[in-house]
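Protein chains in written order, with this note's numbering: chain S, 1 to 95; chain A, 1 to 481.
To be clear, the hints were calculated from the coordinates, so they are not data collected in a lab.
Note that the coordinates shown come from a computational prediction; the quantities given were computed from them, not determined experimentally.
Hints may be right or wrong, so weigh each one.
Cross-link-like lysine-lysine pairs, in silico, PhoX-like; alpha carbons within 20 Å at most [claimed, not checked]:
#1 Lys-215(A) / Lys-255(A)
#2 Lys-215(A) / Lys-16(S)
#3 Lys-92(S) / Lys-88(A)
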Amino acid sequence: MPLKPEDLATVATLAKLDIPANQTERLRQDIEQILTFVEQMNAQDTADIKPLGSPLERPQRLRADQVTETDQREALQSVTRHTEQGLYLVPKVIE
Amino acid sequence: MQWEVVIGLEVHVQLATASKIFSGAATTFGAAPNTQACAVDLAMPGMLPVFNEEALRMAVRFGCAIDARINHESVFDRKNYFYPDLPKGYQISQLDHPTVAEGHLDIDLEDGTRKRIGITRAHLEEDAGKSLHEDFHGQSGIDLNRAGTPLLEIVSEPELRSAREAVSYLRKLHSIVTYLGISDGDMSQGSMRCDCNVSLRPLGQEEFGTRTEIKNVNSFRFVEKAIESEIERQMDILEDGGSITQETRLYDPDKDETRSMRSKEQANDYRYFPDPDLLPVHIDDAYIEDIRSQLPELPDAKKIRFAQEYGLSDYDAGVLAASREQADYFETVCETSKDPKLSANWVMGELAKWLNQGDLDISACPLPAEQLGKLILRIKDNTLSSKMAKQVFELLWQDGGDVDDIIEAKGLKQVTDSSAIEAIIDEVLANNASQVEQYRAADDAKRGKMIGFFVGQTMKASKGSANPQQVNAVLRKKLEG
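Just chain A, with the same shape it has in the complex (with noise of 0.2 Å):
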């Protein structure tokens, strides 16, 4: 039978707010344990929460940026659950009035078409604590250091058709909500989280099937990974004529496999009900409008004017709007260059390639923008080759410095002196004297191929620095005389 895979994503966006969601704590990532965790945090006795604008704000923002419904008012509900590292016993979360009703986004599929993907609503909520289960004596210790970040949880249409599919969506999230500076977007330190619903259903057949939800992977390849195993594991069910539990799965990166975590039986009763220590939320056009009328050039529009103002094909202009610190690099080395073509190629290339090299982000990037265009500069203007380019890049991503001052330096200076150049070649074919006859005997078609090695004699010779283009044209000229 042919089978059609059905995925809905809920993505825990971490807000890069100062403070906590409800308490004046501080939200820095990796204090020591339990030194950013107030009453408030604690669910001390008395404490109320208070509700941060800033967390508010940036879920407009979020809501603005995906064309969504945003309400007029918005309810904080109490989600009922026990577990250590949630010491009030209920997370404040919103139910049935979230901040950002439907909206949705545009991902880019392999074929190079465009699929518009349902955001059915994105709330606000506060994160839970940290439980560590090692090294404690058969105990576990808690830190509440998390405990009251504020979340975004946004939560999509099951209209995603593969793994690829979700991870196309998950990576356009991630580019819009660190365009929009409201999240970091840090995988790595648990900045975005992604629980996935994956179910199947006859090709053709409307009734969704029994989904499974695998909890909290936290990287874009684990999510294409376990959707994966999880639509393997349930095609060898249904297959083989059995039936999907509901439940609740976790991924194992080291076997690739999910396995069962909790049953729909054994799920939580959350018993939502509105928080009576905290008011609804109002917020009026105005506030939208305003927000709306502030939002920076999101990847899409930056990929359009990308291909349209800098001349380049739409996939890279798509790789490099894809980030919003990549795009500024490369408008950066663009301006001083004032050469988009060759500034994409270095951006995707050389720097892309460092930038791996060293698992650097491109906001750690050692090499400032203005020196790379620079760089540019000498290769447009003959001073470098791009072979003396690359090491005089090396040079700058290890040391730092200015270009200029690496070319003089080291002496890295192309030489472009055409006398200079001929008598190099003079010498080269001189010494080569049964080389230079045979390739005068060959046909057109053997010389294509011998003349490489009067290039590479004439090359070693200068030690690089002859301009490889003026090379072969005067080494033809000589020997074709």
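Same shape as in the complex, but just chain S (with noise of 0.2 Å):
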């Protein structure tokens, strides 16, 4: 399935990637050819199975509700930059 420069700029912009222009016309081809292979699966007729919530044939394990973790901010917090008063910092969005 052909796919436009103008298309693979709107989904960088939906993913918020920034793609350097060096890069563009490869990831083009690249989604090009995984289209073409989801065509393949889109071809074909899927009316009689029923939708798979997993491929593992197992129910999912529960865990008690029980408080298994202690604070561990300062250790987690080591690998950013952007902290103040405990909050991790980030460009501003307002929704």
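Using the hints, build the complex out of the two chains.
Here it is in structure tokens:
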């Protein structure tokens, strides 16, 4: 399935990705190939097949409702540079 | 044109589990930022979610309480969107196979009738973190303590027809989840949040009009006001021949209006798909029946029992049964006082007044129910007049202690000794000879008003301790001789 450069730009925007100009053509071709593969899957008749929640035929394991985690804030925040008053700082986003 | 209002509510209820839905981090409200956000909640690479059995149990409990179909297999899906307080880039939720399917609850309307409201589904999902936008030099601060807290999202059918009905539905839901003990229902802390879908259609038309969704309304009062202002806005547009844009709106309580947040075109495409990190959840009939058999008495059943067992009016029974704590409190008062009507009056009257003044929930009531029961006993055996009982109530409220000790210490015993009352009255009559003469000369209609003067004087002379009924009777006897 042909993919236009503009479509790639739209998908990148939706995925919040910033793609360097020298990589766009390679990516466009990769995605085109992926879409061709998807077309093959879409061509299959699945009318009689029940939707599958998981390919593993076993149910979900449950855990008891117990607090097992301790405060690891210091360790977890050591891998980020931008924290203040215990909060992670990110570029301002208001919805 | 006459318009019909169509409202459907999506209510997020925070489940009262000790740990999160997919991790062992604590869910306690108000902890220091990010001290309850573990590697799973932060979406560190390689972390896997493991489902909390208590969250499942609570969802099924709710399903049983609203007489819903419970799915034997439920599947977790990923709902994809980008926001900094959602570290994984997706929320784990349920789309096509929620734990709880169709159910219903009944609401009481203002005209005294009941209306059944359908519940489409109730699905389990995780909450996101919190973003703080102030005071961070143009940046946002992210607290992920709330990320992963279990939520039950309860979706109603679009069967509510006014803001009032929506609030009744929400109150009923609140009452049920708190009765079940699956949530503390504290709206001020976000334990219950509501999205309201509102549309209008010409009366008699079957097809729905275009709807808007008001996001995250967090109090009963705001739900009513937000819906009312949105109805008014839509009606103005439609009456002017315009059309409604499908969009998400926010309610601004300060301006009492809703404003646009994002339109349908800007809406997220959530790209739902089954979460490969989680397997389908299987439950059998025995599991469901076991939970059903352990359901507590629910508000509707309790209301009926209160009316029958205690002879209360439907209204009083409904008010008392609305919250489990209040119903339990009332029953304890009743057990001690053996007088349901007087108990109901005190719980709904004086007690409610003091709770309101202190902005307290009944669960934080400083006055033990046994003491209120005892206070009512002392009214019944004539130790206290109701006025004195209010004084004792105030002392109990402020300082605690025992009813009888307070009566003793403050000398608040009511004088019921008739010779003592007669002596006081004789003195009052002797000191007010001219009023006595006027009374005796007056006709019945005037006497009815004039007796108040003598009752007042007698109560004053007895420093409020004389039994008012006795004072009245003795006065009439002596004056009319």
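Status of the hints after comparison with the structure:
1. For the hint linking Lys-215(A) to Lys-255(A), the alpha-carbon distance of about 16 Å falls within 20 Å, and the restraint holds.
2. Only pairs whose Cα atoms come within 20 Å are accepted, and Lys-215(A) paired with Lys-16(S) is rejected, the gap being roughly 24 Å.
3. Proposed proximity of Lys-92(S) and Lys-88(A) is supported: the alpha carbons are some 18 Å apart, at most 20 Å.
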